[in-house]
Amino acid sequence: MLTVRGLAKTYATADGSFQALRGIDFDVPQGGFYTLLGESGCGKSTTLRCIAGLEEPDGGSISIAGHVVADVERGTHVPTFERDIGLVFQSYAIWPHMDVFANVAYPLSVQRPRLAAADIKARVMDALRLVGMESYTTRPATKLSGGQQQRVAFARALVRRPKLLLLDEPLSNLDAKLREQMRFELQELIARTGVTTLYVTHDQSEALAMSDTVAVMAAGRIVQSGAPREVYGRPVDRTVANFLGSANILRGKVVDAHDGLAEVTLDGGASTVQVPSRAVLSPGAPVDVIFRPEDATTHLDPVDGAIECAVERIVFQGGMSECQLRLGPVLLRTVVHPVMGARPGDRAWVAIQPERCILFAA
Amino acid sequence: MAVQADQAPVVGVARRKRRRSQLGLAGSIVVVGAAAAAIYLVMAPLLALLATAFRGPSDLLPFEPGAHWTFDNLVDVYVSTPLLSSVLPNTAIFVAGSVTVTFLTAFTLAWLVERTDLPWRTTLFTAILFPLLVPGVVMAFAWTLLFAPNAGWINVMLRGVLGLDSPGPINIFSMPGLILCQGIASVPFVFLLLGAAMRTMNPALEEASSASGARPLTTFLRVTLPVLRPGVLAPLILATLVALEQFEMPLIIGFPARINVFSTRIYFELNPEDELPAYGKAAAVALLFLVAAVVLLAIYNNLIKRADRFVTVTGKGYRPTRYPLGRWRAPALLFVGFYLAVGAILPAVVLVWTSFSGGSNESLNLDAYRALFADRRFWPAVGNTFLVAGLSAAVITLVGALLAWQILRLRFPGRALLDVVSFMSIGIPSVIAGFAVMVLHLTIPIGLYGTVWILILAYSYRLAVSTRLSRASLMQIHAELEEASAASGGRWLDTVRRVVLPLLAPSLMASFVLLFIVGFREFTIPMVLQSEDNWVLSVIMWKLQADRQTAQAAAVGTLILMFVTPVIFVLRRQLLSRQGDS
Chain A
11 MLTVRGLAKT YATADGSFQA LRGIDFDVPQ GGFYTLLGES GCGKSTTLRC IAGLEEPDGG
71 SISIAGHVVA DVERGTHVPT FERDIGLVFQ SYAIWPHMDV FANVAYPLSV QRPRLAAADI
131 KARVMDALRL VGMESYTTRP ATKLSGGQQQ RVAFARALVR RPKLLLLDEP LSNLDAKLRE
191 QMRFELQELI ARTGVTTLYV THDQSEALAM SDTVAVMAAG RIVQSGAPRE VYGRPVDRTV
251 ANFLGSANIL RGKVVDAHDG LAEVTLDGGA STVQVPSRAV LSPGAPVDVI FRPEDATTHL
311 DPVDGAIECA VERIVFQGGM SECQLRLGPV LLRTVVHPVM GARPGDRAWV AIQPERCILF
371 AA
Chain B
-10 MAVQADQAPV VGVARRKRRR SQLGLAGSIV VVGAAAAAIY LVMAPLLALL ATAFRGPSDL
50 LPFEPGAHWT FDNLVDVYVS TPLLSSVLPN TAIFVAGSVT VTFLTAFTLA WLVERTDLPW
110 RTTLFTAILF PLLVPGVVMA FAWTLLFAPN AGWINVMLRG VLGLDSPGPI NIFSMPGLIL
170 CQGIASVPFV FLLLGAAMRT MNPALEEASS ASGARPLTTF LRVTLPVLRP GVLAPLILAT
230 LVALEQFEMP LIIGFPARIN VFSTRIYFEL NPEDELPAYG KAAAVALLFL VAAVVLLAIY
290 NNLIKRADRF VTVTGKGYRP TRYPLGRWRA PALLFVGFYL AVGAILPAVV LVWTSFSGGS
350 NESLNLDAYR ALFADRRFWP AVGNTFLVAG LSAAVITLVG ALLAWQILRL RFPGRALLDV
410 VSFMSIGIPS VIAGFAVMVL HLTIPIGLYG TVWILILAYS YRLAVSTRLS RASLMQIHAE
470 LEEASAASGG RWLDTVRRVV LPLLAPSLMA SFVLLFIVGF REFTIPMVLQ SEDNWVLSVI
530 MWKLQADRQT AQAAAVGTLI LMFVTPVIFV LRRQLLSRQG DS
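Taken in sequence, the protein lines are chains A and B.
Residues 11 to 372 (this note's numbering) make up the first sequence, in order.
Residues -10 to 571 (this note's numbering) make up the second sequence, in order.
There is no bait here: all hints are sound.
Label pairs and their in silico Cβ distance ranges: (1) B:D536 x A:P106: 48 to 58 Å; (2) A:T20 x B:A405: 18 to 28 Å; (3) B:A405 x A:F28: 14 to 24 Å; (4) B:I28 x A:G236: 52 to 62 Å; (5) B:A405 x A:R149: 38 to 48 Å; (6) B:A405 x A:R32: 30 to 40 Å; (7) A:P106 x B:F401: 27 to 37 Å; (8) B:R400 x A:R139: 37 to 47 Å.
Going by beta-carbon spacing under 10 Å, a handful of chain B positions derived as facing chain A: (9) Q11; (10) H467; (11) E471; (12) S477; (13) G478; (14) R487; (15) L492; (16) A494.
Okay, the calculated bits of chain A under chain B, using three or more residues with CB under 8 Å as the criterion: (17) 59 to 65; (18) 117 to 129.
Because the hints were derived from the structure by calculation, they are not lab data.
Quick caveat, the model's predicted, so the values are computed rather than measured.
Ideal Cβ positions, reconstructed from N, Cα and C, are used throughout, including at glycine.
With the rest of the complex left out, here is chain A (with noise of 0.2 Å):
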């Protein structure tokens, strides 16, 4: 549906160049959910940018549902009123001119050859209805909140059945709440429409939440990309493991290497874990092991071949603690259950689960 190859785009600054995309390749089937995950100034919103045809790139083509809309070698660069999109900016960017019917009739009302009044009025009242904003028509845009400013835009992106959703971090401006609710109606709207989706955000728990596929950018660069539990339990490095949740890192040398597993000792202390490395690893190789909060036991009596640290704080959550542990100078961050009576200082077991670390070549 959506193919992009070697996307790049370079702007000149008061001091040089940046290379904002340095080559970037995927592709999104059809009715998929494509999410760019990354750090404000990865190039996420550029390449959501290019392809909506708001920059051009300087190498790289990239085509929507088989029509080629940029190709830097050929010269083609189709300007966006021409791109089948649907586009939803992060301000909204409703007009404040406008009352509601008027902003979401408008991509229906500049179609050429011009659509008959009572056709644009059914269609636009199927899309408020889509979003639950049919009693606001004749609101001005002013006079909305954010979220309903939200729905609006949506509905806007929509109304002309577009092959291509776009959605530049739409759930930003909203609050902690509201996000959270809007996260899942936007997810029930787009699975009911089946529209493609391409969805650029910084915030993780969203790009895990909603996505097909995550694609985790940096410097220019998609990093990694596949299904969200993959992406997530599989990271190739440590940038990825970082972004993606929170991630404990033990230093540690290679004892043995066999079939695919890793015996490592941690520094700072005698306990020897077995973990599944791609890699080929020698003995003696200095390593990082990584494991999620989610993937340790603690415990306040001496477990087997589980690690003694002190516990540092106990931070309560709600419906379950983080606990903070020290082994030397690093920190360790567990998920305990809130009624577990530890207090800082004392001493504790942490138990990992072997097969769920990852371990990188230090």
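Keeping the supplied structure of chain A fixed, place chain B upon it in accordance with the hints.
Only chain B this time, still in chain A's reference frame:
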């Protein structure tokens, strides 16, 4: 045919730069047209003027047969001539003096209205604006009726009270008279600018000074004034530019006193008593003052940039504390009252009275109006005035807004130059603008010279008013609002027509009203470009008073007042509502 229409659009066709393709053909034509208009309205006349200064002999047009490149004009004008010994010093004294008067008056008025508990502030605010809308030529004429040494009302009255002999005691036809008149006439617009600066100042800065133990005067000198400095210096330079280009006061008040400043000098080079117009010499004189204006403008631009960095304003809701005037209340009211008497009330009264009395003490009658309405020049002049003011305001507003949009939103070679050209127009003295348009259209004979259309072209050089206003509000309009239109399938013209222009409407309206007023007041350009067919009201009035048809001239003045007075209230509402916004 149907088969062809059904074919899918060819998407692979090579397209050039994105912006261009986003614009489409119609968009490109509009954008290029606006740029071309800017060049035609501002650059072309100035280049023609520049050429004229270096072509001789002086009485020929620059590209008439027989003309050649020469420095004669510059030598004639700048080597030991009256220009250096009298025009230059006169201009300097006139500008420095009138700007001082303007500034001291405007600053005091602005401070009293914005920062003290002066009573009836809103009413006074409105009244102070009066000379802003009344054409300078009307004010000048009214003041001569009041202060002429022999028959001036005030002089007659003073002589009665003091038992003096004619003439005097006040002689308006002198350098001090000229300075005071011009000084008072320029007060309103400086008052508006200073008032805005004072209004947006964060009062916490002053409160912090008070809380540190400073007395009010110390606070004023050590905090208020320094913080206001950029907001005060920029209007000061603008006032200097305005004084430099003044023509009506020097013509009506200065000429009888044999005081020539640069604008009247250019005018008389072009309209000598019984010789041919000296285009080359006039252009040579203009050159010096154009350079002076551009230098002032560069300083102004620099100050404005620094004023932006110098944040006295962070937005909303300041309610500046007002100083209690206490026992200074009466003197303050007296000061405001004196300004209003001289700047608004007396001129209005004397005009109305003279128009009905024929200037003598006979009974009131309508003779002057009857004669005026029967004058075959009068009604065409009324039509011309509104036509020229309205059309030029529309042209400038539209071209300026498009120019501001493309300078802000597009990247193209020559963008910086367009920006400079449109901004420069603020500093070009109107006498030079009129003269430059004259030379250009005498050189390229497309039949405009001598018609009312050339006035519209000449008035339309003031692009900066519109580009500045439009730019300010375009910066408030997030680019995403325009991108959302493109992403909805809107073509460039859809975006401009349905998103940009409606959002810009308030500032387009403000720009139109402002430029209409400027065009309505205009006297210099129609004087320079006048012919039988393109007289406007201000020129007719000058002709009548020069022909000693005092009552008829006063009747024209009265009619202008009747039109302008309601506009003051509309303008006040706009100014006050904008005050509420910010």
